[in-house]
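Hey, can you work out the whole structure from these sequences and the hints?
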Amino acid sequence: MEKRPIIEVRDLVAGYGREVVLRGISFDVYPGEILVVLGASGCGKSTLLKLLVGLLKPMSGSIRYWGKDIKKMDEDELDHLLHKIGLSFQDGALFNSMTVGENVALPMVEYGNMDRELIPILARMKLSLVGLTNSGYLMPEALSGGMKKRVGFARAIAIDPTIVFFDEPSAGLDPITAAGLDKIILDIRRLMELTMVVVTHELDSIRSVADRVIMLDWGEIIFDGTLAQIETADHPRVRQFFERIPDKTIL
Amino acid sequence: MNRDLSSKESDHAATLHLSGDISNTVGQQLVNDVTRIASRGNREVSIDLKELPQLDSRSCAWLIEAVRAGRRLGARVSLIGAHGQVADFIELMRANFEPPPVPTFYRDGFLGRLGGKAIEAWDEARVVGNLIIDALYWSFLGPVGGRGLRWKALLAEIQEMGVGAIGIVCLINFLLGLVIAMLSAVQLRMFNMQILVASGVVIGFARELAPIMTGIVVSARTGAAITAQLATMKVSEEIDALKGMGLNVAKFLIAPKFLSILVSLPILTIMGFISGVAGGFLLGMLSLGFTFDSWWAQTLQAVKLGDITQGFVKSFFFAMIIVIVGCHNGLRVSGGANEVGRATTRAVVMDIFLIIVADMLFATLFYFTT
Chain H
1 MEKRPIIEVR DLVAGYGREV VLRGISFDVY PGEILVVLGA SGCGKSTLLK LLVGLLKPMS
61 GSIRYWGKDI KKMDEDELDH LLHKIGLSFQ DGALFNSMTV GENVALPMVE YGNMDRELIP
121 ILARMKLSLV GLTNSGYLMP EALSGGMKKR VGFARAIAID PTIVFFDEPS AGLDPITAAG
181 LDKIILDIRR LMELTMVVVT HELDSIRSVA DRVIMLDWGE IIFDGTLAQI ETADHPRVRQ
241 FFERIPDKTI L
Chain S
1 MNRDLSSKES DHAATLHLSG DISNTVGQQL VNDVTRIASR GNREVSIDLK ELPQLDSRSC
61 AWLIEAVRAG RRLGARVSLI GAHGQVADFI ELMRANFEPP PVPTFYRDGF LGRLGGKAIE
121 AWDEARVVGN LIIDALYWSF LGPVGGRGLR WKALLAEIQE MGVGAIGIVC LINFLLGLVI
181 AMLSAVQLRM FNMQILVASG VVIGFARELA PIMTGIVVSA RTGAAITAQL ATMKVSEEID
241 ALKGMGLNVA KFLIAPKFLS ILVSLPILTI MGFISGVAGG FLLGMLSLGF TFDSWWAQTL
301 QAVKLGDITQ GFVKSFFFAM IIVIVGCHNG LRVSGGANEV GRATTRAVVM DIFLIIVADM
361 LFATLFYFTT
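Those protein sequences? They're chains H and S, same order as listed.
Numbered according to the numbering used here, the first sequence spans residues 1 to 251.
Numbered according to the numbering used here, the second sequence spans residues 1 to 370.
The set of hints was computed from the structure by calculation and includes no laboratory data.
Some hints could be false.
Between beta-carbon pairs, the in silico distance windows are [to be verified]:
{"hint": "1", "chain 1": "H", "residue 1": "117", "chain 2": "S", "residue 2": "76", "range": "18 to 26 Å"}
{"hint": "2", "chain 1": "S", "residue 1": "166", "chain 2": "H", "residue 2": "72", "range": "49 to 57 Å"}
{"hint": "3", "chain 1": "S", "residue 1": "129", "chain 2": "H", "residue 2": "80", "range": "26 to 34 Å"}
{"hint": "4", "chain 1": "H", "residue 1": "23", "chain 2": "S", "residue 2": "316", "range": "57 to 65 Å"}
Partial selection, computed: residues in chain H whose CB lies under 7 Å from chain S [said to hold, decoys possible]:
{"hint": "5", "residue": "121"}
{"hint": "6", "residue": "122"}
{"hint": "7", "residue": "128"}
{"hint": "8", "residue": "191"}
{"hint": "9", "residue": "194"}
The beta-carbon is built from N, C-alpha and C at its ideal position, and this holds for glycine as well.
Rendered as structure tokens:
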């Protein structure tokens, strides 16, 4: 049986000011899968993420969650939707005035449907998933870049969302930590039945986590298929990406 | 009794059976049961998870709470019979069943803290000293010695700090002039000497009010902006980037600000002085009924060049206070957004305090020398 997609994106055009970054893209996200959005720097990956969580309004086209267009949602419905979404930012985006534990606990405290006594336990559980079990008392400024990213990750899954968006989870991390993070992504998916959209350009990371891959190039989707398919795809830009061939430079 | 939770107890051991999901009610009851059993002196408590279909974060958190509650009372709580997803989940969360270790912080004694404060104060004083030397060098000696000055940045800063502040400085001084004139007019009416309001306003503004008010307005406006800008640059590692490129922070950032405020503030003070006196004029002519000529004559007769010079000289020192305090507080920030806010507050408070202290020193000096 064909599963119904959770997210349907149709003919999405978006950008900043008058500049168009995404030129009409369409794709679906199915429940329980890990979809990797791939592409070189500046191809519109992060813009796509901002659109998906409503931080940016599309110029045209539609984004539907469970069949409902986010443009047509009112404030309450959008809030409700965002409570089911976790978002992990590139550099963590932690609140510097709070400890690591408070950062992770924040959505649980604010959404207010959680037993108070459970919150510290849950926050520590999420931190233990990213290998920072006993770091809850630290302030973000005491963390390294990779640790911040992992805390951001823990915060994104704090409320057990249905969908998690990861912006560059392994960029700028050492290979050991990056591999660890990939394992965490797989563990979390397996044990919590999450759907994930991972934006990245790290080849190793793609190979270990992706169920399905879409590749963006200059604001268009040039590939949409499984990991096995993309490894053998013959689109020149895809080949260039996987074989790490630089653009021709004129000297 | 909940149908998802049942218990069997013997003399020294108890087993709790969980079936179905752990809702919040079941979880709470589980914790209560474990507490009850353990406080009766049972040393062995098992929680049987054989019939638990699956585990999510919240259910797992209840299990953790139950295990820890038992251990706090000295009982050994074990989870038995977990399989499949439940076992995997518990394995993943294993570390959480131990209570978090209490972090230890080193704490100084009273003398240690006192000494620490003294060393901190001394260090800060040294840093400020270096900053002043750097600022002076890169503003005056450096450019004269051919080491360059960022002229474009300097002009942009003068535009921002000086030209941009003319409106607010003039307005505030004008209104204050009006207020002072009204206050003194009421007092002098008793002696029918209201013409002396003109003298009071002009001397007051030349010596004290124009430099002080202008200084305070500029410190709130420009001093805060300097701190916020430098602090944000520090937090986002731009300052480190400059240093890393071998560029001199004092030359690149501080010298243009230093020179620009040194040029702007005295000019603004003179404008403020004129505006304040104009406020007095307005009241004298419209409300007290003096002619322009008589008020003007009284003003000219009262004020001496020394009064104006005094205010003018002070404004140079106020300018230095504002820029050094602003830069110092901006550059000493470490951390994040809240530190930027704190630094800005600290800068403005220090500015106003130091301006008043400097003013008092000048007043004492002039009092005893004239």
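Comparing the hints with the structure gives:
{"no.": "1", "hint": "117(H) - 76(S): 18 to 26 Å", "verdict": "22 Å, holds"}
{"no.": "2", "hint": "166(S) - 72(H): 49 to 57 Å", "verdict": "51 Å, holds"}
{"no.": "3", "hint": "129(S) - 80(H): 26 to 34 Å", "verdict": "58 Å, violated"}
{"no.": "4", "hint": "23(H) - 316(S): 57 to 65 Å", "verdict": "59 Å, holds"}
{"no.": "5", "hint": "121", "verdict": "4 Å, holds"}
{"no.": "6", "hint": "122", "verdict": "5 Å, holds"}
{"no.": "7", "hint": "128", "verdict": "5 Å, holds"}
{"no.": "8", "hint": "191", "verdict": "5 Å, holds"}
{"no.": "9", "hint": "194", "verdict": "11 Å, violated"}
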